[in-house]
Amino acid sequence: MTAFVPRISAALMALVVVALLLGAAKPANVVSPDKLVILSTVDVKGKTSPCG
Numbered sequence: 002m003t004a005f006v007p008r009i010s011a012a013l014m015a016l017v018v019v020a021l022l023l024g025a026a027k028p029a030n031v032v033s034p035d036k037l038v039i040l041s042t043v044d045v046k047g048k049t050s051p052c053g
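Take this note's numbering: the last position of the sequence shown gets the number 53, and nothing is skipped along the way.
If you are wondering where the hints come from, they were derived from the structure by calculation, not from laboratory data. Be a bit skeptical, because a hint or two may be false.
[Unchecked claim] With beta-carbon atoms standing in for the labels, derived distance ranges:
1) PRO7 <-> LEU40: 52 to 58 Å
2) ASN30 <-> ILE9: 37 to 43 Å
3) ILE39 <-> ALA12: 49 to 55 Å
C-beta atoms are modelled at their ideal positions from N, C-alpha and C, and glycine is treated no differently.
Work the whole structure out from these sequences, hints included.
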């Protein structure tokens with residue numbers, strides 16, 4: 002039974018590595034926007050300073 006634990010651990014580690022590699026794949030097509038829309042230049046309190 003002691004040989005069973007390392008096999009399960011190795012299989013679990015391999016599964017985690019495969020999941021991480023699949024999740025790190027680059028997206029095929031990234032569309033960059035043609036226009037920039039600024040919705041607001043003031044914060045909620047109506048102040049334009051960076052710290053409010």
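Range agreement (Cβ of LEU40 with Cβ of PRO7, hint 52 to 58 Å): Since PRO7 and LEU40 have Cβ atoms about 56 Å apart, the given range 52 to 58 Å holds.
message: Can you tell me whether the CB distance of ASN30 to ILE9 sits inside 37 to 43 Å?
response: 40 Å Cβ-Cβ, so the 37 to 43 Å window holds.
Distance restraint evaluation - ILE39, ALA12, Cβ atoms, bounds 49 to 55 Å: Because 52 Å falls inside the window, the suggested range holds.
Against the hints set out earlier in the document, no violation occurs for any number.
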